[in-house]
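Trainee: Given only the sequences and the hints, what does the whole structure look like? Please build it.
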Amino acid sequence: MKTDIVAAVRELTFNQAINEALRLEMRRDPTIVIMGEDIAGGAGLAHLGFVDAWGGSLRTTKGLITEFGPQRVLDTPIAEMGFVGAAVGAAMSGLRPIVEIMFVDLIGCCYDQIINQAAKMHYMMGGQLKLPLVIRTAYGTRGDGKRTYGGGAGAQHSQTLYSVLAHIPGLKVVVPSTAYNAKGLTISAIRDDGPVVILEHKFLGIAAKGPVPEEAYCLPIGRAVIVRPGEHVTLCAIGRMTHVCLEAAESLAAEGISAEVVDVLTLSPLDEGTILESVRRTRRLVVVDEDTPVASMARDIAARVAEKAFDDLDAPVKTVTAPDTPVPFAAVLEAHYVPRPAQVIRAVHDLFGTGD
Amino acid sequence: MSAKVGRASGSREKPLPQITSENLPARVETIGQKPARNQLLWMYDRLTLIREFEERLKWLVETGVPVGAVHYYTGQEACAVGVCAALEPADWIASTHRGHGHCIAKGVEVHRMMAELYGKSTGTNRGKGGSMHITDVHRGMLGVNPIVGMGVTHAVGAALSAKVRHTSQVAVAFFGEGAASFGALHEAMNLAAIWTLPVVFVCENNGYSQSTPVEYAVAVPDIAERASAYRMPGVTVDGQDVKAVWAAAAAAIKRARSGAGPSLIECKTYRYYGHHQGDDTRRYRTKEEEDAARERDCIKRFREQVLNDGSLQPEELEAIDKKNKEKMDLAVIFAEQSPLPDPAELYTDVYVPGAR
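Sequence order for the protein chains is P and C.
Every number in this note's numbering is 58 more than the matching position in the first sequence, counting from 1.
Every number in this note's numbering is 131 more than the matching position in the second sequence, counting from 1.
Hints listed in this document are in silico derivations from the structure and should not be mistaken for laboratory results.
Glycine residues also receive a C-beta, built at the ideal position from the N, C-alpha and C atoms.
Any given hint could turn out to be false.
Pairwise CB distance ranges, derived in the manner of DEER restraints [what the hints assert, rightly or not]:
| no. | chain 1 | residue 1 | chain 2 | residue 2 | range |
| --- | --- | --- | --- | --- | --- |
| 1 | C | 476 | P | 87 | 30 to 36 angstroms |
| 2 | C | 343 | P | 370 | 56 to 62 angstroms |
| 3 | C | 449 | P | 136 | 55 to 61 angstroms |
| 4 | C | 299 | P | 108 | 32 to 38 angstroms |
| 5 | P | 280 | C | 474 | 24 to 30 angstroms |
| 6 | C | 388 | P | 86 | 28 to 34 angstroms |
| 7 | C | 269 | P | 351 | 43 to 49 angstroms |
| 8 | C | 407 | P | 107 | 54 to 60 angstroms |
| 9 | P | 210 | C | 484 | 39 to 45 angstroms |
To be clear about the criterion: a stretch of chain C counts as covered by chain P if any three or more of its residues have a C-beta under 8 angstroms from a C-beta of chain P, and this derived list gives those stretches [stated by the list, open to error]:
| no. | segment |
| --- | --- |
| 10 | 275-287 |
| 11 | 476-482 |
Mentor: The following block contains the structure:
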């Protein structure tokens, strides 16, 4: 896939790019509605001059209500099971709803609607209906040790729970990593006739800024991208970890190790082809995942490569993940929780037998 | 009784019976205290077709035909029929695990339902749903749903869809008194109330969720009382009296269609058999209670009413009885002789194809 952008000079943050994707698609299709808690904010207070009081907890949906009105931009009560269910029903009956679950940590409140209802409808009904539903949800921690964006949210507001979504057949699970691919994947998700979950990293939402074309464009769901070519080792990364791997690859280059970075982008359906093709060339793999390790995407990818490309490997597959603990509160602990470039570099050294 | 058609009677060589489409529910021409004559005929037709379907199904189960897990609707027919008699074909319903009656009342064809229970490719869901997922979106039947309470949220979503798309459709959410204690129901009712949605909540209170009596599980004597918490009208009606159900439903549906918002109807009813085909009710219900319930049988009472007041003639009812028995004979033959799904069907319809 072509990732270079010829015409774009304008830069947007990741969240602004998603906002633009939502806006362009809502202009294009009047059946799109968006729903969620405080996605506009101050609902019903227009007579006091309060409109769009929040624009979403991370301001991703700011300004949509002033363009599209309260019938298409629906602030909801705190009722994930109810409004995600309503979105499923609306998707079955002629709308294309986009729901925001404020943080992925809250999916426990509506997990049935996602795994038993949205994901399975098409299959168990014998293909008789489409289910054009998008679920947007924020994940991850907000700090990186140097900067923090309202971080320190602790164990119930900082998780990376995408493996419990990728586990479910029928659900597409997308994890963008840049402003450019956030916009393109969001538009593809909205246009998709089935349920798609988009996981938006809280830190990237504000920290990731880059050139974004002004027009609408689609990036394919189910396609991984090689964001840095290399020869000696493949670093396979998800979401924010792509940036961690790029940083590690830069350091490794200085010591003569050429690392290829694959940005997975879609967890389900996983683009095995791109990952396997890369590993067959470099013959070494480190999978880097911000999620906890047990039953994780990192180990799933490692297992698939071990099954399908074992003979092409010169060393065992390594994984770098968060520890098998809840996310801690204190900044010093949180900084140790999230995988860092130094850990990736250490894993690569282990593969080459040059570690401690 | 006509001869039961069982497993042994069909021959694979015979062509599938040609079955014409069933009549859709009659259009509501008058909304008042008295259903029109064509509606009385339609009510009797649906009451007896549901009864015949379930009795035939019970016989099939007891003779060892593998139709999967089923929950008989027998005894509750007046609820589905009374409500659906007041609906338009384009209206939506969402159903429960005990859903055969709702399907038939909304016009889903019994031969396709029976084929679904047999796991055949000609079934409503092409053999991929079974009793607990029968769906026919073209008849406005959004799905039997065995996750108790979740279908209610989907009806609310369909009502939202009608409102946003400016159609005059109404959605009905059927649920049991077991779901009345479930959180999704309350979230859905609140959403419907704050958004003034065209939805009617129909609680079929049959007294028991599995073996747990409503007196134990629900804090109020009448579930209709719950409506007041959501600023909507709530009425309790005799769920064994199809005309009483119809009158309440017609008023609530009229209110919904006029834009005045949701209503709750509680139908006090009784299921004659166990929770599912394997449940022995004598573990938690007395014979005296069951006998008393059968004294109030909705079909028996309907016959007495319409024959006593002369609104229908005995030969008209007999003709309907005969037609429905024949229809079920054909439905079973159709199911028996239909082809099984191709094994490749296991892998189809996992993801919804296409994009917009």
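Trainee: Could you run down the list of hints and mark each one as holding or not?
Mentor: Structure-based check of each hint:
no.	hint	verdict
1	C:476 to P:87: 30 to 36 angstroms	holds, 32 angstroms
2	C:343 to P:370: 56 to 62 angstroms	holds, 58 angstroms
3	C:449 to P:136: 55 to 61 angstroms	holds, 56 angstroms
4	C:299 to P:108: 32 to 38 angstroms	holds, 33 angstroms
5	P:280 to C:474: 24 to 30 angstroms	holds, 25 angstroms
6	C:388 to P:86: 28 to 34 angstroms	holds, 30 angstroms
7	C:269 to P:351: 43 to 49 angstroms	holds, 47 angstroms
8	C:407 to P:107: 54 to 60 angstroms	holds, 57 angstroms
9	P:210 to C:484: 39 to 45 angstroms	holds, 44 angstroms
10	275-287	holds (count 8)
11	476-482	holds (count 4)
Checked against the numbered hints above, the structure breaks none of them.
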